[in-house]
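**Q** Sequence:
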Amino acid sequence: MRCLALSLLFFAPSLFADPIRDADPTTLAPIRVEDVREKLERSGKLKDTIAKTEVITGKKIEKKQAKTLTEAIANEPGIDAATGCSICGMKRVQINGLKGEYTTILVDDVPVHSTVSSYYGMDALTTAGVARIEVARGAGASLLAPGALGGVINIISEKAVKNGVLFDAAAGNREYRTFSMVGNAVSEDGKRRTTISAQHNHQGQWDADDNGVNESPLLSNYALGLRFSDDLSSSDNLDLRLGLQKSDIFGGPMTAGLFATVTPLGDPDFVGDDVRSRYSGPPSATLEAIQTERLEGTGKWTHRFSDRFNSVITASGVKQTQDSFYEGNDYRNNNETFYADGRLGFQWSDSHFLTGGADARHEILRSDSNSFFGGATPKPKDDFDSLSFGGYLQDTWTPRADLEISTAVRLDRILVNWRGQTVQTNEVDTVIPVPRIHARWNMSETLTQRLSVGQGYRAPLTFFESEHGILKDGFGIAVTDLERSTSAVYSLSFDSTRTTGTLSASWTNIQNMATIQDVAGVPTLQTSSQRFDVFSADAVAGYQLTKHIMLGASYEHFFYSNSYKSRLPFAAIEDRARLLLDVEAAGLDFNLTATFVGGRDLTPYGYGNRFNVFPEGGVGSSPKLTESPLFMTLDSRVSYQFAKDFKLYVGVKNILDFTQAGIENPLFFEADASEASGRAYDVTHLWGPVRGREFYLGAAVSL
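Just so we're aligned, residue 66 is where the sequence shown starts under our numbering, counting upward by one.
Hints are computed from structural coordinates only; laboratory data are not their basis.
Careful, some of the hints might be misleading.
[Said to hold, decoys possible] Keeping only pairs whose Cα atoms sit at most 30 Å apart, straight-line, the calculated DSBU-like set for lysine-lysine is:
no., residue 1, residue 2
1, K612, K124
2, K124, K227
3, K712, K311
4, K125, K365
5, K446, K630
6, K125, K612
7, K227, K712
8, K709, K125
9, K125, K712
10, K709, K256
11, K227, K125
12, K256, K124
13, K612, K712
14, K384, K365
15, K311, K125
16, K311, K446
17, K311, K124
18, K227, K709
19, K709, K612
20, K124, K709
21, K256, K365
22, K227, K365
23, K384, K444
24, K384, K311
25, K227, K256
26, K446, K384
When you get a sec, could you build the whole thing from the sequences and use the hints?
**A** Here it is as structure tokens:
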């Protein structure tokens with residue numbers, strides 16, 4: 066019987082000593098220096114905070130030992146940072162149970178990420194220099210990101226408030242090592258602030274069943290960041306951000322070194338044609354090596370005309386390159402994105418604040434491959450040009466102190482040209498309105514209701530969305546319309562002195578979903594006429610047992626139809642629960658988190674007809690599981706503040722050492738395979754953790 070999981074999670078306030086009761090009465094409170102933009106945000110003149118938003122604070126990121134975005138958001142309510150490929154480690158960040166491409170990543174409120182970067186770029190997004198991560202669920206969650214059909218993850222970078230440098234380093238088993246540095250500098254007058262961050266992470270391959278093919282690849286990444294804020298005048302602020310990221314993934318054979326170009330290619334081969342046995346084929350036949358490099362820059366100019374009137378002009382540019390090797394085949398691409406936005410804010414009455422503006426986004430993909438696009442009969446490329454531009458208007462109405470309603474509408478024009486597929490100028494050329502409404506009602510000092518209803522759209526730009534690589538035998542794109550969604554998200558929150566709790570429910574309807582179908586024997590990305598409904602519900606609670614001890618719990622359930630499950634690239638979580646214990650006292654910080662994931666019927670996700678042993682004559686043997694078990698993972702971390710500027714910590718992830726490979730590995734053969742049809746082997750039979758017990762020891766020093 067499917068688990069109604071017990072779980073419970075928490076992300077309530079930390080349990081430091083009471084700042085008022087324990088303060089030295091002879092010490093003056095510190096003066097907070099804010100720049101022009103921060104003052105406008107605090108007064109509500111820039112930032113929309115009505116919609117239900119989960120905030121993952123810097124303190125919580127530290128407690129999770131989260132060094133990448135996917136680690137920071139993993140197992141948060143309504144979010145699943147799922148691995149979609151065992152040998153390449155491709156991640157999909159799903160919100161409210163929706164496909165990963167329906168999640169939009171913002172950095173400081175700017176949409177600088179694309180569908181292409183969401184595949185191999187998520188583990189390159191490091192947390193050094195990140196102040197917090199905000200998650201808003203539902204279509205229309207962001208006024209500037211209509212493509213967020215499922216929701217928005219907004220990474221807020223740190224802005225310097227005082228001079229100082231923080232160093233953090235840790236090491237552990239399986240080649241785990243991480244180092245980060247964050248330096249802050251503030252001018253004497255407080256008008257100029259600079260934050261510089263650097264981080265390096267490394268983790269080795271994981272092969273729990275010792276068959277010579279990893280379930281989790283080697284990952285090594287590097288990141289540099291710079292944020293500079295300057296109050297040019299009492300009414301003007303210039304905010305600049307630069308980022309450089311590099312990620313290296315080596316997956317497949319448990320062998321180090323760049324041997325692929327000198328090793329003969331061939332099909333994967335296992336002893337006894339059984340993926341559970343030792344791998345005996347050429348290493349390059351299972352190798353997937355992906356290198357991505359990313360350079361991004363953003364500039365914002367905020368001007369305050371008066372206490373009632375302001376403007377913000379934003380511009381950004383991103384260049385990301387991928388150089389990869391897929392099981393004997395090369396593939397390279399260059400993805401560039403340019404974005405500009407101009408907005409005006411006007412307080413036209415005591416109860417109405419208007420925001421209006423226009424934005425434009427241009428994305429380009431160019432690719433190359435000797436294997437896929439070369440030869441006597443080259444296959445069509447996945448090159449595309451995408452251009453969208455539109456205008457928006459929002460009214461935030463506060464009829465009384467306890468009620469706030471934000472109504473907005475966008476009107477966008479979208480142009481898409483798949484250059485490598487047809488000679489047509491634009492396969493998509495359409496205009497679409499995008500409305501939304503957010504409401505917040507403070508029913509009492511402890512109870513708050515929120516309701517968000519909105520729509521979103523997106524153009525399914527690349528074959529990557531359903532296949533995390535390009536197919537050697539070719540592919541097609543025959544998309545005829547934009548993907549569209551309508552969603553409603555409701556929450557009821559309770560917040561008292563010792564207890565916090567939130568009940569949430571969401572509904573999303575997807576139209577024109579892009580799916581892969583065979584057209585004349587060619588896998589083709591095309592528009593589905595079927596409509597899909599996805600529901601989710603969750604409950605989160607926290608209780609401060611004593612001054613130093615906090616308990617937390619959460620439970621989530623996702624409701625999917627079988628027709629929707631069949632369109633997902635891998636099995637999604639349906640039931641999840643968490644329990645949390647957090648203790649802070651006298652410099653000691655201890656936390657323990659138990660996560661339960663319920664069992665699932667894997668058949669609707671397309672997991673049937675998969676076998677461990679190569680099917681002779683199309684008849685398989687030793688089938689893969691079609692019902693995943695209930696499992697639990699346990700994580701813990703303890704730190705001790707020896708001095709004001711020195712901390713030691715130790716932790717263990719997956720204490721119980723539970724991995725899917727302990728029951729079955731992610732490799733499989735298709736049931737309709739035969740010797741004549743060649744290789745019918747894949748690496749995506751995934752339903753559980755792919756990394757086992759990991760321990761680490763680290764230290765943090767501030768100067």
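**Q** Next step is simple, just say for each hint if it's right about the structure.
**A** Each hint, compared with the structure:
no. : hint           : verdict
1   : K612 with K124 : 18 Å, holds
2   : K124 with K227 : 18 Å, holds
3   : K712 with K311 : 29 Å, holds
4   : K125 with K365 : 28 Å, holds
5   : K446 with K630 : 29 Å, holds
6   : K125 with K612 : 18 Å, holds
7   : K227 with K712 : 20 Å, holds
8   : K709 with K125 : 19 Å, holds
9   : K125 with K712 : 16 Å, holds
10  : K709 with K256 : 27 Å, holds
11  : K227 with K125 : 21 Å, holds
12  : K256 with K124 : 27 Å, holds
13  : K612 with K712 : 22 Å, holds
14  : K384 with K365 : 19 Å, holds
15  : K311 with K125 : 25 Å, holds
16  : K311 with K446 : 25 Å, holds
17  : K311 with K124 : 25 Å, holds
18  : K227 with K709 : 16 Å, holds
19  : K709 with K612 : 21 Å, holds
20  : K124 with K709 : 16 Å, holds
21  : K256 with K365 : 16 Å, holds
22  : K227 with K365 : 22 Å, holds
23  : K384 with K444 : 25 Å, holds
24  : K384 with K311 : 12 Å, holds
25  : K227 with K256 : 12 Å, holds
26  : K446 with K384 : 19 Å, holds
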